[in-house]
Each structure stands twice: as structure tokens, then as C-alpha cells.
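A.B. asks: Each chain, letter by letter, is given below.
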Amino acid sequence: MDTLNTLLMGFISIVLINNLVFTKFLGICPYLGVSGRIDMAFGMGMAVTFVVTLSGTLTWLIDHLILMTIPGLEVTRYVCFILVIAGAVQLVEMYLRKFFPVLYDSFGIFLPLITTNCAILGLCPFINLWEVGNLLEAVVLSFGAGTGFTMAICIMAGIRENLNLADVPKSLRGAPITLITAGLLTLAFMGFAGMIK
Amino acid sequence: MANERSNSSAIGQTLIAGLWRENPVFRLLLGMCPTLAVTAAVKPALTMGLCVIFVLLCSNIVVSLMRNLLKPHLRILMFTLTISTFVTIADLFLKAFQPRMSETLGPYVPLIIVNCIIICRAEACASKNGLFISIIDAIGMGIGFTATLCVLAGIRELLSTGAVFEIQILPLGENGGWFTPWAAMSMPVGAFITLGLLLGLVNIISRKKT
Numbered sequence: 114m115d116t117l118n119t120l121l122m123g124f125i126s127i128v129l130i131n132n133l134v135f136t137k138f139l140g141i142c143p144y145l146g147v148s149g150r151i152d153m154a155f156g157m158g159m160a161v162t163f164v165v166t167l168s169g170t171l172t173w174l175i176d177h178l179i180l181m182t183i184p185g186l187e188v189t190r191y192v193c194f195i196l197v198i199a200g201a202v203q204l205v206e207m208y209l210r211k212f213f214p215v216l217y218d219s220f221g222i223f224l225p226l227i228t229t230n231c232a233i234l235g236l237c238p239f240i241n242l243w244e245v246g247n248l249l250e251a252v253v254l255s256f257g258a259g260t261g262f263t264m265a266i267c268i269m270a271g272i273r274e275n276l277n278l279a280d281v282p283k284s285l286r287g288a289p290i291t292l293i294t295a296g297l298l299t300l301a302f303m304g305f306a307g308m309i310k
Numbered sequence: 010m011a012n013e014r015s016n017s018s019a020i021g022q023t024l025i026a027g028l029w030r031e032n033p034v035f036r037l038l039l040g041m042c043p044t045l046a047v048t049a050a051v052k053p054a055l056t057m058g059l060c061v062i063f064v065l066l067c068s069n070i071v072v073s074l075m076r077n078l079l080k081p082h083l084r085i086l087m088f089t090l091t092i093s094t095f096v097t098i099a100d101l102f103l104k105a106f107q108p109r110m111s112e113t114l115g116p117y118v119p120l121i122i123v124n125c126i127i128i129c130r131a132e133a134c135a136s137k138n139g140l141f142i143s144i145i146d147a148i149g150m151g152i153g154f155t156a157t158l159c160v161l162a163g164i165r166e167l168l169s170t171g172a173v174f175e176i177q178i179l180p181l182g183e184n185g186g187w188f189t190p191w192a193a194m195s196m197p198v199g200a201f202i203t204l205g206l207l208l209g210l211v212n213i214i215s216r217k218k219t
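Top to bottom, those sequences are chains A and B. Start counting at 1 in the first sequence, then tack on 113, and there's your number in this note's numbering. Start counting at 1 in the second sequence, then tack on 9, and there's your number in this note's numbering.
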């Protein structure tokens, strides 16, 4: 019961309170770039959730089972992380192309783009920083991070679809108004701060 | 650009391109995460900028030297491996000589690996051009990025604490002055909105120029 509680709290905290996009500025590039339409945003969110869960778990395992047990090897941490992520993305891409061609087509360009998504590489040092102690917690946190990202990018896409109808000053059209909208959205999510210690 | 290598005006243009015409943050919208995350004050912004210049310079040199050996489908992997090696160096250097700054920047130093600017320059410039042009390009882009970070950080630090580079400029209310700090400016909200308005300003200026 106690572990379940911790896991649930961790999940809610990373989805709402420590949302990677709103408070840590991770994954801003796709957040601004592919949030034009809600279906594309959802596709991106799903792809990120999948890869982040996989790579978050794998990097935790590698970090704790290999890098931390051999002294001096911790230096290579970032090189290992990026290799794992690039490998995971490549694997997912190959697997999807072979077995789920429809899904693969709908993901399209998003899959290779994920390699350079900061949300994924960013989560690995954060998991390290928060001193996540066991594997289950790392899995739940990684999944929560992906869910939080999906939620953020979908909200943003919904707003931007309506923003197309609005009369925005000429010089603010495009990226500037998106950033200002993101700012206001962040302000709203600040209301969750301090909900869980 | 490769065949104009000896042409000094081309070199000057490459250098200046990063500052304004192809400014990585304002024009290409690259490297947004560090831009937003470390600009609460000028000092971390400057440190981040210097780290990026170092990594960009080294990775451009290495990529440019090995550009003829690269296999197309393994290109990106080689880029990221090169970059992550130099980022590790920068990270360890900061940890050793600037431990407090390293703590402030936290995970954003390793995040330089996925900073799109560096991969973009490796792909768009260093893998096609010679060593010399790649170095010039890295310096131009790096300075452009750093300058942008510092402008953004300067505005945010001034409005959130009334100070720039930790030197008090606006007299604070609690010390008998008139300035009330905007706490929101040091939070994520301030980052997004300041950058949005700055981009708008850049749009206005560049439209007037043409």
C-alpha cells in the first residue's frame, strides 16, 4: 500500500506539478513545432511516451547495474544515455515498420525527431537527480513524464487550432504568440505547485 | 560557400550570419530549452553560452575533419556521440572549477547534447565545409546564441530582482527605492512571455529593414 501510494504521488507530481514542459522547459522544440494540429500533436505525444518509458527504464538499469558498480565509468554516462536513446528510437522504428505499418505511417517523421527531443534525454539526469531508488519507480516516472508531455502538447494544439481564427497582431504571428500562449498556460499550471510535497 | 573559402567577405558574412540573419534563437528557433531554462539571471546564461561555444567549436572541428569518412545513415549517431563526448568534458570541467554554477545549471549542461543548434550546425555546415569555414561558423553561431541568452537573461534579471549581473540597478522598495520586483519574471512564465515579446520585436525590426 505504501509503495502504491508513493508511485501514485510520483505519477501525479510528474504529470501535473513537475510537468517537464511547463516547469523544466524540456521538449520545447516539438511543443512549439508540431503543436499546429491536434491529431499530429497526439501522435507525437504517443511516440514520445513510448520512447521515454523505454529509454527511462533502460538508462536507469544501465546506470545502476553497470555504470555505478564500476568506479570511473560514470564519466561515460551521457554517451551511454544518448546511445541508448538513439538505439531505442531505431529499434522502435524498425519494429513498427515491420509489424504495424499503419501506425508507422501515422508516426511518420516524428520517430527520428524524438532522438533529439530534450524531454527524453532530460528525464535521465532528472531521474538521477531525484535519486529514484527502485526500478518500478523509474518506470512509473518515465511513463508519467511521457503522459505529461502528451497532455501539454495536446492542450497547446487545441489552443492553437482556435488561435488560427483570432486576429493576432502581424508581428506576433507564428512563434511569438505561441510562446506567449505557452507562458499563460504555464501560469495556469503553477496553480498545482505545492500540492504534493 | 566552400569554394569561396579564401574570400574574406564570405568569412565575414558567415561570422555575422549567426549574429542576426541566421540567429539561432530568434530566426531559426533552435535550442529553445536552454534558452528558456537558464536565463533567469545573466551569470548562468553566460556560462551556458560559453559551454555551448566550446562544444559547438569542438564538434564542428571534429565533424569537419571526419566528414569524408561518414556513412550517411550513421551520420546523426556519429554527430551525437562526438557532441556528447565534448559535453561530458564541459560538464566535468564545470563540476571541478565552478561547482556552484554547475549546481545551478544542473541537468541543463548534459542537455547541450540535444541542443538542436549543435546538431544543426554539424549537419548544415561542418559536414559539408572545410575546417576553416566550420570554425568561423561555430564562433559566429556560438556568439549569436550567447548574446541572445544574455539579452533575455538581462531583461528577466532586471525585472525580477532589479539587478543585472548581480549589480543592483533599480532601487528596491524594501531599501527605500521605488522598484517592486516582478517575481513572475524569474519563473517559467517570465521566460516564455519575454521570449515571445522579443521575437515579436525582432519581427518588427527586420520588417522595417527590408
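Everything labelled a hint here was simulated from the structure, so no lab data went into it. Owing to the predicted nature of the structure, the values given are computational and were not obtained by experimental measurement. The beta-carbon is built from N, C-alpha and C at its ideal position, and this holds for glycine as well. Please note that the accuracy of each hint is not assured.
[As the list claims (entries may be wrong)] Derived CB-CB ranges, DEER-like:
#: 1; chain 1: B; residue 1: 187; chain 2: A; residue 2: 184; range: 53 to 63 angstroms
#: 2; chain 1: A; residue 1: 278; chain 2: B; residue 2: 181; range: 17 to 27 angstroms
#: 3; chain 1: A; residue 1: 279; chain 2: B; residue 2: 102; range: 43 to 53 angstroms
[Stated by the list, open to error] Under the rule of at most 30 angstroms between Cα atoms (straight-line distance), these lysine-lysine pairs were calculated in the DSSO-like manner:
#: 4; chain 1: B; residue 1: 104; chain 2: A; residue 2: 283
#: 5; chain 1: B; residue 1: 217; chain 2: A; residue 2: 283
#: 6; chain 1: B; residue 1: 137; chain 2: B; residue 2: 80
#: 7; chain 1: B; residue 1: 52; chain 2: B; residue 2: 104
#: 8; chain 1: B; residue 1: 80; chain 2: A; residue 2: 211
A.B. asks: Are the hints correct? Go through all of them and say.
C.D. replies: Do the hints match the structure? See the list:
For residue 187 of chain B and residue 184 of chain A, the Cβ-Cβ distance of about 56 angstroms falls inside the hinted range of 53 to 63 angstroms, so the restraint holds. Roughly 43 angstroms separates the CB atoms of residue 278 of chain A and residue 181 of chain B, a value that falls outside the hinted 17 to 27 angstroms. Separated by about 47 angstroms at the C-beta atoms, residue 279 of chain A and residue 102 of chain B satisfy the suggested range of 43 to 53 angstroms. Annotation: proposed proximity of residue 104 of chain B to residue 283 of chain A is violated, straight-line Cα distance about 45 angstroms (limit 30 angstroms).
This hinted pair checks out: residue 217 of chain B and residue 283 of chain A have alpha carbons roughly 13 angstroms apart, not beyond 30 angstroms. About 13 angstroms separates the Cα atoms of residue 137 of chain B and residue 80 of chain B, which keeps this hinted pair within 30 angstroms; it holds. With a C-alpha separation of about 16 angstroms, the suggested pairing of residue 52 of chain B with residue 104 of chain B holds against the 30 angstroms cut-off. At roughly 24 angstroms between alpha-carbon atoms, residue 80 of chain B and residue 211 of chain A fall within 30 angstroms of each other, so this suggested pair holds.
Figure legend: structure checked against the earlier numbered hints; hints not met, in rising order: 2 and 4.
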